[in-house]
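Trainee: Sequence:
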Amino acid sequence: MAASLVRMTTKARLLATTIDCADPKALAGFYHEVTGMEITYADENYAALSDGVTSIYFGRVADRTPVEWPSPDKQFHLDFRVPDVEQAVEDYLKLGAVKPEFQPGITEEGVGWVVLRDPEGHVFCVCPEKS
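Residue 124 in the numbering used here sits at position 120 of the sequence shown; the count goes up by one each step and never skips.
It cannot be assumed that every hint is accurate.
Derived CB-CB ranges, DEER-like [what the hints assert, rightly or not]:
| id | residue 1 | residue 2 | range |
| --- | --- | --- | --- |
| 1 | G114 | N49 | 39 to 45 Å |
| 2 | V115 | V71 | 38 to 44 Å |
| 3 | E112 | E133 | 19 to 25 Å |
| 4 | E72 | V10 | 43 to 49 Å |
| 5 | E42 | E112 | 38 to 44 Å |
| 6 | Q79 | V57 | 22 to 28 Å |
The list that follows gives simulated cross-link-like pairs (lysine-lysine, DSS-like), each with its CA atoms no further than 27 Å apart [to be verified]:
| id | residue 1 | residue 2 |
| --- | --- | --- |
| 7 | K134 | K103 |
| 8 | K78 | K98 |
| 9 | K29 | K103 |
| 10 | K134 | K78 |
| 11 | K134 | K98 |
| 12 | K103 | K78 |
| 13 | K29 | K78 |
| 14 | K29 | K98 |
Quick caveat, the hints were computed from the structure, so don't treat them as lab data. All residues carry an ideal CB built from backbone N, CA and C; glycine is no exception.
Could you build all of it, start to finish, from the sequences and the hints given here?
Mentor: Spelled out as structure tokens, the structure:
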């Protein structure tokens, strides 16, 4: 019988998520405070955070314009789990995050998650630990 001609697709392992921004060093500093991840590299054009497993990179795009929230133009967002959503939101606002008015995770039943914008306008969500 002839050998199978089915070819398996090469599987990739995610190295990092790269975020375009005007000031990579500053944005890496913000996310270092949010995540505790180590800043492994930082200059005026590029910065990197890592915990040894997950990495976030920041690349300089001087003329980048943040999209509105909510908007169908949003291309990605980061989700972070925290033990206390309300305390984390308070902490992140002090670091320079902004809480937009539209909050789909806050309902009459309570807070499911909170949407924030980082100092350069990228959306990220603050989510509770799994119950």
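Trainee: None of the hints should be skipped; say for each whether it holds.
Mentor: Hints versus structure:
As the Cβ distance of G114 to N49 is approximately 43 Å, the hint placing it in 39 to 45 Å holds. At about 24 Å, the CB distance of V115 to V71 disagrees with the hint of 38 to 44 Å. Checked against the hint of 19 to 25 Å, the C-beta distance between E112 and E133 comes to roughly 22 Å, which is consistent with it. The beta-carbon spacing between E72 and V10, approximately 46 Å, falls within the hinted interval of 43 to 49 Å.
Between E42 and E112 the beta carbons are some 40 Å apart, a value that agrees with the proposed interval 38 to 44 Å. The beta-carbon spacing between Q79 and V57, approximately 24 Å, falls within the hinted interval of 22 to 28 Å. Taking the CA atoms of K134 and K103, the gap is about 23 Å. The hint holds against a cut of 27 Å. The hinted pair formed by K78 and K98 meets the criterion: a straight-line CA distance of about 24 Å does not exceed 27 Å.
Between K29 and K103 the CA atoms are separated by roughly 22 Å; this keeps the pair inside 27 Å, and the hint holds. Using a Cα cut-off of 27 Å, the hinted pair K134 and K78 holds, with the two alpha carbons roughly 26 Å apart. In summary, the hint linking K134 to K98 is supported, as the alpha carbons are separated by about 25 Å, within the 27 Å threshold. For the suggested pair K103 and K78, the alpha carbons sit about 16 Å apart, so the restraint of at most 27 Å is met.
Restraint check for K29 and K78: satisfied, since their Cα atoms lie roughly 23 Å apart, inside the 27 Å limit. Taken as a hint, the K29 and K98 pair is honoured in the structure, with Cα atoms around 18 Å apart against an allowance of 27 Å.
The structure fails to meet hint 2 from the earlier list, while all remaining hints are met.
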